[in-house]
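Undergrad: Sequence:
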Amino acid sequence: MKYIAYFDGSAKPNPGEMRIGGLIKDESGNIVGDYSRDLGYGTNNEAEYKSLILLVTGLVKHEIKNVTIYGDSALVVNQVNRTWKAKDGRMAALRDQAIELLAGIPEWRLEHVRRGFNKEADDLTR
13 MKYIAYFDGS AKPNPGEMRI GGLIKDESGN IVGDYSRDLG YGTNNEAEYK
63 SLILLVTGLV KHEIKNVTIY GDSALVVNQV NRTWKAKDGR MAALRDQAIE
113 LLAGIPEWRL EHVRRGFNKE ADDLTR
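Sequential numbering of the sequence shown, starting at 13, is according to the numbering used here.
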């Protein structure tokens, strides 16, 4: 079975109070899991990475083998896909953690979408 997953993170103001959210859907579009959490103080980019990390941890825990993951953070998506370098040490460490976790999923894709296409995950960060 193929799954679709979405993640998002925010910090208000930036930096500020971080909140993350995400969800997993099966191929029929049914939500099979979601999360929404406050994480304390940090930046938008940290929140986005931490949301992806929590999402992938859940995917691995539930032994999901084939997933396309969508996020609206161009920075996170491009750094994890190694299209962009992570010049900041904190972002590089979070990127490496996400990549290590993704290694536990046999077939995965990480794609950037505009915020409007990530509405369900975005709503979980409010």
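Derived from the structure by calculation, the hints contain no laboratory data. It should be emphasised that the depicted structure is a prediction, and the values quoted were computed from it without experimental measurement. Every residue, glycine too, gets a C-beta built ideally from N, C-alpha and C. Watch out, some of these pointers could steer you wrong.
[Unchecked claim] List of simulated lysine to aspartate or glutamate pairs, EDC-like, C-alpha gap at most 20 Å:
#, residue 1, residue 2
1, Lys14, Glu132
2, Lys77, Asp135
3, Lys99, Glu112
4, Lys37, Glu123
5, Lys73, Asp100
6, Lys97, Glu75
[Stated by the list, open to error] Label pairs and their calculated CB-CB ranges:
#, residue 1, residue 2, range
7, Glu132, Glu75, 21 to 29 Å
8, Arg102, Asn42, 22 to 30 Å
9, Val44, Pro118, 32 to 40 Å
10, Ile16, Lys99, 29 to 37 Å
11, Asp50, Glu132, 31 to 39 Å
12, Gly101, Asp135, 13 to 21 Å
13, Phe129, Thr69, 22 to 30 Å
14, Arg102, Lys14, 13 to 21 Å
15, Asp38, Lys97, 30 to 38 Å
16, Gly28, Asp135, 13 to 21 Å
Undergrad: Give a verdict on every hint.
TA: Comparing the hints with the structure gives:
| no. | hint | verdict |
| --- | --- | --- |
| 1 | Lys14 <-> Glu132 | holds, 19 Å |
| 2 | Lys77 <-> Asp135 | violated, 26 Å |
| 3 | Lys99 <-> Glu112 | holds, 18 Å |
| 4 | Lys37 <-> Glu123 | holds, 16 Å |
| 5 | Lys73 <-> Asp100 | violated, 29 Å |
| 6 | Lys97 <-> Glu75 | violated, 29 Å |
| 7 | Glu132 <-> Glu75: 21 to 29 Å | holds, 23 Å |
| 8 | Arg102 <-> Asn42: 22 to 30 Å | violated, 36 Å |
| 9 | Val44 <-> Pro118: 32 to 40 Å | violated, 18 Å |
| 10 | Ile16 <-> Lys99: 29 to 37 Å | holds, 31 Å |
| 11 | Asp50 <-> Glu132: 31 to 39 Å | violated, 18 Å |
| 12 | Gly101 <-> Asp135: 13 to 21 Å | violated, 32 Å |
| 13 | Phe129 <-> Thr69: 22 to 30 Å | holds, 23 Å |
| 14 | Arg102 <-> Lys14: 13 to 21 Å | violated, 33 Å |
| 15 | Asp38 <-> Lys97: 30 to 38 Å | holds, 35 Å |
| 16 | Gly28 <-> Asp135: 13 to 21 Å | holds, 19 Å |
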